Amino acid sequence: MELIIIRGGGDIATGIGHRLFMAGFKVIILDMEKPLAIRRRVSFCEAVYNGEIIVEGVKAILTRNLEEIYEAINNGIIPVYIDGKGEIINSIKPIAIIDSILAKKNLGTTKDMAPMTIGIGPGFEAGVDVDLVVETKRGHFLGKVIYKGKAEDDTGIPGDILGYKEERIIRAEASGIFKSYYNIGDKVEVGDIICETSGRKVRARISGILRGIIKEGLYVEKGLKVGDIDPRGIEEYVYTISDKARAVGGGVLEGIMYLRKGRRI
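Residues 0 to 264 in numbering that gives the first Met the number 0 are what the sequence shown lists, from first letter to last.
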């Protein structure tokens, strides 16, 4: 059984997992106990909160042990397992590990963890701590497989959508328990109060559709990205995998096929 473990279950990790699953691989998602995914309608980690989620026809469910993991796989379902440290990896022995935590640094993935290892975005060096790296920065090289070296450094500047960058991002104004006044998919206007933490309200700086917002009730730090407004206002984009996630997923698939060919895995 060709098992691939993806560390992280947010929208980019989900785009990767979906592409690998559709290509015939068996995929397992590992994430932490309280995921902070924003685009929750297209994030497999949402199964941690709701028990299951379906993204573009692919179902993922929360599992509690190895037996449930293998049962889900045998039923054509992606298992999601709470394991932020990757402690279960040795018991599963996957053919590949994809680190899509997107922490901008390596939180513990090493080349000896699996026959193939791929790091997503900044924080990894191909040939050193992982076999390959896939570029996540929007632009000409998005989704590029890096066979030696690193991805571009994180600039902290969000991608451009209709000329909007930081304006479309919603950030916590204070540390505290997160409360949301809108749901994913809702249309919002400039000045609408979107959310609050510790009594500090955050207003929309642009009009559009709320493409993503973190789970209500979580503790967040001041300045954390907690939501995303899409100025295009197209509802279908809220519930489908993004162009970025598809590009990165394609890069991962290319990388795995390249490594399999060279190593006869």
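Worth flagging that the hints you see were computed from the coordinates, not collected in a lab. Note that the structure is a prediction, hence the values are computed from the model and not measured. For every residue, glycine included, the Cβ atom is placed at its ideal position computed from N, Cα and C. Treat the hints loosely; a few may be bogus.
[To be verified] Straight-line alpha carbon distances no greater than 30 Å define the calculated DSS-like cross-link-like pairs of lysine-lysine that follow:
(1) 104 / 92
(2) 25 / 243
(3) 224 / 84
(4) 110 / 214
(5) 147 / 33
(6) 186 / 147
(7) 25 / 92
(8) 200 / 143
(9) 143 / 58
(10) 58 / 186
[Stated by the list, open to error] If you anchor each label on the Cβ, the simulated ranges turn out as follows:
(11) 259 / 192: 22 to 32 Å
(12) 67 / 21: 37 to 47 Å
(13) 234 / 126: 41 to 51 Å
Verification of the supplied hints:
| no. | hint | verdict |
| --- | --- | --- |
| 1 | 104 / 92 | holds, 24 Å |
| 2 | 25 / 243 | holds, 22 Å |
| 3 | 224 / 84 | holds, 23 Å |
| 4 | 110 / 214 | violated, 33 Å |
| 5 | 147 / 33 | violated, 34 Å |
| 6 | 186 / 147 | violated, 44 Å |
| 7 | 25 / 92 | holds, 13 Å |
| 8 | 200 / 143 | violated, 39 Å |
| 9 | 143 / 58 | holds, 28 Å |
| 10 | 58 / 186 | holds, 27 Å |
| 11 | 259 / 192: 22 to 32 Å | violated, 51 Å |
| 12 | 67 / 21: 37 to 47 Å | violated, 23 Å |
| 13 | 234 / 126: 41 to 51 Å | holds, 43 Å |
In terms of the numbered hints stated before, the structure departs from hints 4, 5, 6, 8, 11 and 12, listed from lowest to highest.
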